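Asker: Sequence:
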Amino acid sequence: MKRLSNLRGQARVVLHGFCCAEASCRANAKARSMSGRLRAFLSSNVDGQSLVEFALVVPMLLMVLTFMFSLSMAMISYEQLNSATSSAALQVLATSRNVLADPCASVESSVSTALPGFTASKLTYTVTIQNSSGSNVTYGPTTGTGFSCTGAATVLSADNTSTPGSLTVSYPYTWIPVYLQKMTGNLSATQPVTVY
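Under this note's numbering, the first residue of the sequence shown carries the number 1, and numbering increases by one thereafter.
Not one of these hints is a red herring.
Between beta-carbon pairs, the in silico distance windows are: (1) A101 - T161: 18 to 28 angstroms; (2) E79 - A40: 54 to 64 angstroms; (3) E79 - T150: 29 to 39 angstroms; (4) Q91 - T161: 14 to 24 angstroms; (5) G144 - T66: 28 to 38 angstroms; (6) G134 - T66: 46 to 56 angstroms; (7) G48 - P177: 30 to 40 angstroms; (8) S157 - T184: 36 to 46 angstroms; (9) N98 - F67: 42 to 52 angstroms.
These are computed hints drawn from the structure, not numbers from a lab. Note that this is a predicted model, so its numbers are computed, not measured. Beta carbons are placed, not taken as given, at the ideal position from N, Cα and C, and that holds for glycine.
Kindly generate the complete structure, drawing on both the sequences and the hints.
Answerer: Take a look at the structure:
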């Protein structure tokens, strides 16, 4: 709009704008078909651009936010699993020589107690202990309850020195769906330990 030096010219320009707006309002008051309304909306100079931008950006923003939330939940679950595995390996398995008749059952009990939000029947346990000849003896993998290794007590009692071993616990994790994409995977934590 040109800036006029006199007020009368400015008033005329403003009134002309009102008249054009009123005429266009009267013209649009007629009944139109759906395609006619769509053509009028797309060819009009209204602020529909922000609505279109919003409609294009919001799905992408929601996808990113859902992915971030899903990743955060997976990291929290992994940290809980890692903490329970470390606790069971260092407090139960490391002190099991000549104390526990079935160290694997104690490990299973310790892990399932430390993970109350997890389904105990989906946890998979694997214990590896090195025998006196230097070869690894693996117990498991066993999924769910009933993890037992009475033979581990025999292996540990035969070896009088500190024995290296490890505990691995895994859990199937289902990610929060992002755009109806349902992804699954395993969270797995391994803790090496020395059995004294």
